[in-house]
Amino acid sequence: MSNERRQADKWLALRRRMVDEQIRRRGVGDPRLLDAMMAVPREKFIPSHVRAAAYDDRALPVAHGQTISQPFIVAYMTEKLSVTPDARVLEIGTGTGYQTAILAALAKHVFTVERIAHLQQQAAARLADLNVSNITMSCGDGSLGLLEHAPYDRIMVTAAAPSVPGHLADQLVDGGVLVIPVGGSAEQTIVRVVRQGQRTTETPLLACRFVKLIGQEGWPIEKQSR
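As numbered in my numbering, residues -5 to 220 make up the sequence shown, in order.
It cannot be assumed that every hint is accurate.
Stated by the list, open to error - With a straight-line Cα cutoff of 30 Å, these simulated DSSO-like cross-link-like pairs (lysine-lysine) come out: (1) LYS206 / LYS74; (2) LYS74 / LYS102; (3) LYS102 / LYS206; (4) LYS38 / LYS74; (5) LYS38 / LYS102; (6) LYS38 / LYS4; (7) LYS206 / LYS38.
What the hints assert, rightly or not - Derived Cβ-Cβ restraints for the label pairs, each shown as a range: (8) PRO25 / ILE215: 26 to 32 Å; (9) PRO145 / ARG0: 30 to 36 Å; (10) SER127 / ALA47: 25 to 31 Å; (11) GLN192 / GLU142: 17 to 23 Å; (12) ARG193 / SER42: 46 to 52 Å; (13) ASP80 / ARG10: 27 to 33 Å; (14) GLN192 / SER42: 29 to 35 Å.
Hints were generated in silico from the structure; no laboratory data involved.
Every residue gets a Cβ at the ideal spot worked out from N, C-alpha and C, and that includes glycine.
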């Protein structure tokens, strides 16, 4: 057996354990989502210096002070988003592209916005290498959404805002769902937002900790001390 094959088998075994022990065992049961988590090679989205920890039960650091979320949190938030095969999904915070790939495996099309151009470029290369083609990538202020392609059936936000951004809620279809971490700079709660006509209902779900959503309807950019 070649070294490349042994390495591939090792990652596959770790991925299977992740799905069984970190995700299914904690109550995430959507078969389509579990299949997507099993199919997407998480190790491909992890920087080389922490790749050995790709399937650990924790968030990992990536470039520019950002993180890739804990596998369970990715699965939990995605299940709460209730993505259907015909859904048009907006993702705020492309990051490494891992969550993008999971959403793309479930939805008709994913529109994803990243604030940091270098991260967007890296994510685009990874997704292209995996032949993920049902995505449209943009660089800009994700707290304002992506009006040119609105409305969306589902919106996933992978960074924490002080409150639910009005621009995002306004870009949902009637009956659309938004999942977002909301709270202070240290601790937040995952919130599920459902649009009903001109109103929205917010349901708090799970305590969490995310990096900040930087933007007009998020947190301001912190000035660096000299």
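Going through the hints against the structure:
For the given pair, LYS206 sits about 21 Å from LYS74 by alpha-carbon distance, which is consistent with the 30 Å threshold. Among the hinted pairs, LYS74 with LYS102 is consistent with the structure: their alpha-carbon atoms are about 18 Å apart, no more than 30 Å. Using a Cα cut-off of 30 Å, the hinted pair LYS102 and LYS206 holds, with the two alpha carbons roughly 28 Å apart. Between the alpha carbons of LYS38 and LYS74 the distance comes to roughly 25 Å, so the proposed pair stays at or under 30 Å and holds.
Distance restraint check for LYS38 and LYS102: the Cα-Cα separation of roughly 23 Å lies within the 30 Å cut-off, and the hinted pair is therefore satisfied. With a C-alpha separation of about 13 Å, the suggested pairing of LYS38 with LYS4 holds against the 30 Å cut-off. Simply put, LYS206 and LYS38 have alpha-carbon atoms about 24 Å apart, close enough for the 30 Å limit, and the pair holds. A hinted range of 26 to 32 Å for the beta carbons of PRO25 and ILE215 is inconsistent with their spacing of about 41 Å.
Distance hint check: the CB atoms of PRO145 and ARG0 are about 47 Å apart, inconsistent with the given range 30 to 36 Å. Remark: the range hint 25 to 31 Å for SER127 to ALA47 is upheld by a beta-carbon distance near 29 Å. Range check, GLN192 to GLU142: Cβ separation about 22 Å, and the 17 to 23 Å hint holds. Taking 46 to 52 Å as the suggested C-beta distance range, the pair ARG193 and SER42 conforms, at roughly 47 Å.
Between ASP80 and ARG10 the beta carbons are some 29 Å apart, a value that agrees with the proposed interval 27 to 33 Å. Under the hint 29 to 35 Å, the C-beta atoms of GLN192 and SER42, about 48 Å apart, miss the expected range.
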